[in-house]
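Number of protein chains: 2
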Amino acid sequence: MARVKCVVEYDGTGYSGYQIQPNGKTVQEEIEKALTTMHKGEHIRIISSGRTDAGVHAKGQVFHFDTHLSVPENRWVRALETLMPADIYVKSAKYVPEDFHAQFDVKAKEYRYYVRASKSRDVFRRRTVFHFPRNLDIEKMEKAVKYFEGTHDFTAFCSAKTTLKGNKIRTISRAELHRNGEELEFIVQGDGFLYNMVRIMMGTLLEIGEGKKEIDTIPRALDEHNRRLAGFTTPGHGLFLWEVNY
Amino acid sequence: MARVKCVVEYDGTGYSGYQIQPNGKTVQEEIEKALTTMHKGEHIRIISSGRTDAGVHAKGQVFHFDTHLSVPENRWVRALETLMPADIYVKSAKYVPEDFHAQFDVKAKEYRYYVRASKSRDVFRRRTVFHFPRNLDIEKMEKAVKYFEGTHDFTAFCSAKTTLKGNKIRTISRAELHRNGEELEFIVQGDGFLYNMVRIMMGTLLEIGEGKKEIDTIPRALDEHNRRLAGFTTPGHGLFLWEVNY
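Chains as they are written, first to last, in the working numbering: chain A, 1 to 246; chain G, 1 to 246.
Honestly, the hints are just simulated from the structure, not real lab data. Incorrect hints may appear among the rest.
As the list makes no split between identical chains, a pair holds if one copy fits it or if it spans any two.
With a straight-line cut-off of 30 Å between C-alpha atoms, the simulated DSSO-like cross-links for lysine-lysine are [stated by the list, open to error]:
#1 K59 / K94
#2 K143 / K165
#3 K25 / K212
#4 K119 / K91
#5 K119 / K59
#6 K119 / K40
#7 K143 / K59
#8 K168 / K94
#9 K91 / K5
#10 K91 / K212
#11 K25 / K140
#12 K94 / K119
#13 K25 / K119
#14 K5 / K119
#15 K119 / K161
#16 K33 / K119
#17 K5 / K94
#18 K212 / K5
#19 K161 / K91
#20 K59 / K25
#21 K140 / K168
Pulled out of the complex, with its shape left as it was, chain A reads as follows:
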């Protein structure tokens, strides 16, 4: 048996999420179906770095699986390509030591969230950018975003629907906001993320930009572990799992 590590890009629009669920099509299911076909019906299970929610996209999701087939690395990519739907693309496949684990060995993840901060729409970006047609004070948002960096208890930035039992302390190594024309790009890197964490961070930044909340809302919410001090949860379709580091 050999272990293979893959990087996959997907447009999450048509999926009810990444992980296999009783209802609705998932990305994991599509990949497992293709691998099972390659293995002549033997069911192949994949383990990914973590799930993504319904509508969320990935530029660099990572998964691993075990196989008894001896296929050169570049052949995995080409063979999977012929079996994948148009909205999923396995970019690379590499043999890794058998103790590599796509979920447990994650060192850091990067997410990006895109917002169209303009009254006008962009029909071509409607599935990948959240349209927020209000006046925003971008400078204020750029200051606020820096409060996310460092090691904090992110309870205030976690959905109440979480099933997590461990602590909610995470280290954010990079949090930046960039303006590109009418779009805002929020880049956030950290050693781990809670349920809906990036989307609540983004919602908080937008409410600060609108003037509904002050900049110090972020340190206060972090200190008081108070979800109500943080902002709304932005929709999934503006979010990308950008990169996973091991």
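Assemble chain G onto chain A, guided by the hints.
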């Protein structure tokens, strides 16, 4: 009665074209439906700068219509916005003199065609960029594209399916090819375009880039009016009607 000129952006993916046809949903139909609703059921017909084919997109298609409603210009945009599907966006509306005609008064049009010149796919651009995973000599294509500029008989770059009875002499004022990362952008401006003309121009450039045809294929095809000397017709989904000038 007053005449209104509108600029509209649309994602052509879900449409069987622009102009009303017996089968399949069209962009014109959707716009007329919205205007008819605004006019309380009175059927409003729109006249556009020209049709676009199935799957072709627009950043700046132009149409006009006549109305007896007195609505301020910015209200037209807001009212239409509430009635439009997610893939059509009426960007602007202006009152124009009653002799303005969106089709007959066109002075120039600009089209853009996008190609992904890379082995790898981009799932997020699959509906708006033509994936052409072959090695291309871009410098050769950049030289070739210049042969399109000027006044020529474009018979060789017109689909045999055309129903046009007039002459096929057109003036191209600008023809450029740009590389942006893994994407090629073909920009072409002219006083008029024949059926499938931009898509055949693009296909010819790609065959030159691949080494299947020589650069002088273009002047020869133009001189000899020979469709067979020109290249294949690239698919509609990489094409954008970018701007219409009056």
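Hint-by-hint comparison with the structure:
1. K59 / K94: For K59 and K94, only the intra-copy Cα distance (17 Å) is at most 30 Å; the inter-copy one is 41 Å.
2. K143 / K165: neither (32 Å within a copy, 63 Å between copies)
3. K25 / K212: Neither. Shortest intra-copy (38 Å) and inter-copy (42 Å) distances fail the 30 Å Cα cut-off.
4. K119 / K91: For K119 and K91, the Cα distance is within 30 Å only across copies (10 Å; inside one copy 36 Å).
5. K119 / K59: Both. Shortest intra-copy (28 Å) and inter-copy (16 Å) distances satisfy the 30 Å Cα cut-off.
6. K119 / K40: Classified as between; 27 Å across copies, 52 Å inside a copy.
7. K143 / K59: within (27 Å within a copy, 35 Å between copies)
8. K168 / K94: Answer is neither: 33 Å inside a copy and 54 Å across each miss the 30 Å cutoff.
9. K91 / K5: Within one copy only: 11 Å inside, 46 Å across.
10. K91 / K212: Between. Shortest inter-copy distance 29 Å satisfies the 30 Å Cα cut-off; intra-copy 42 Å does not.
11. K25 / K140: Neither: 40 Å inside a copy, 45 Å across copies.
12. K94 / K119: between (45 Å within a copy, 18 Å between copies)
13. K25 / K119: For K25 and K119, the Cα distance is within 30 Å only across copies (27 Å; inside one copy 34 Å).
14. K5 / K119: Between. Shortest inter-copy distance 20 Å satisfies the 30 Å Cα cut-off; intra-copy 43 Å does not.
15. K119 / K161: neither (32 Å within a copy, 41 Å between copies)
16. K33 / K119: between (42 Å within a copy, 24 Å between copies)
17. K5 / K94: within (5 Å within a copy, 56 Å between copies)
18. K212 / K5: neither (44 Å within a copy, 38 Å between copies)
19. K161 / K91: neither (33 Å within a copy, 40 Å between copies)
20. K59 / K25: Only inside one copy: K59 and K25 sit 19 Å apart there, 33 Å across copies, limit 30 Å.
21. K140 / K168: within (27 Å within a copy, 57 Å between copies)
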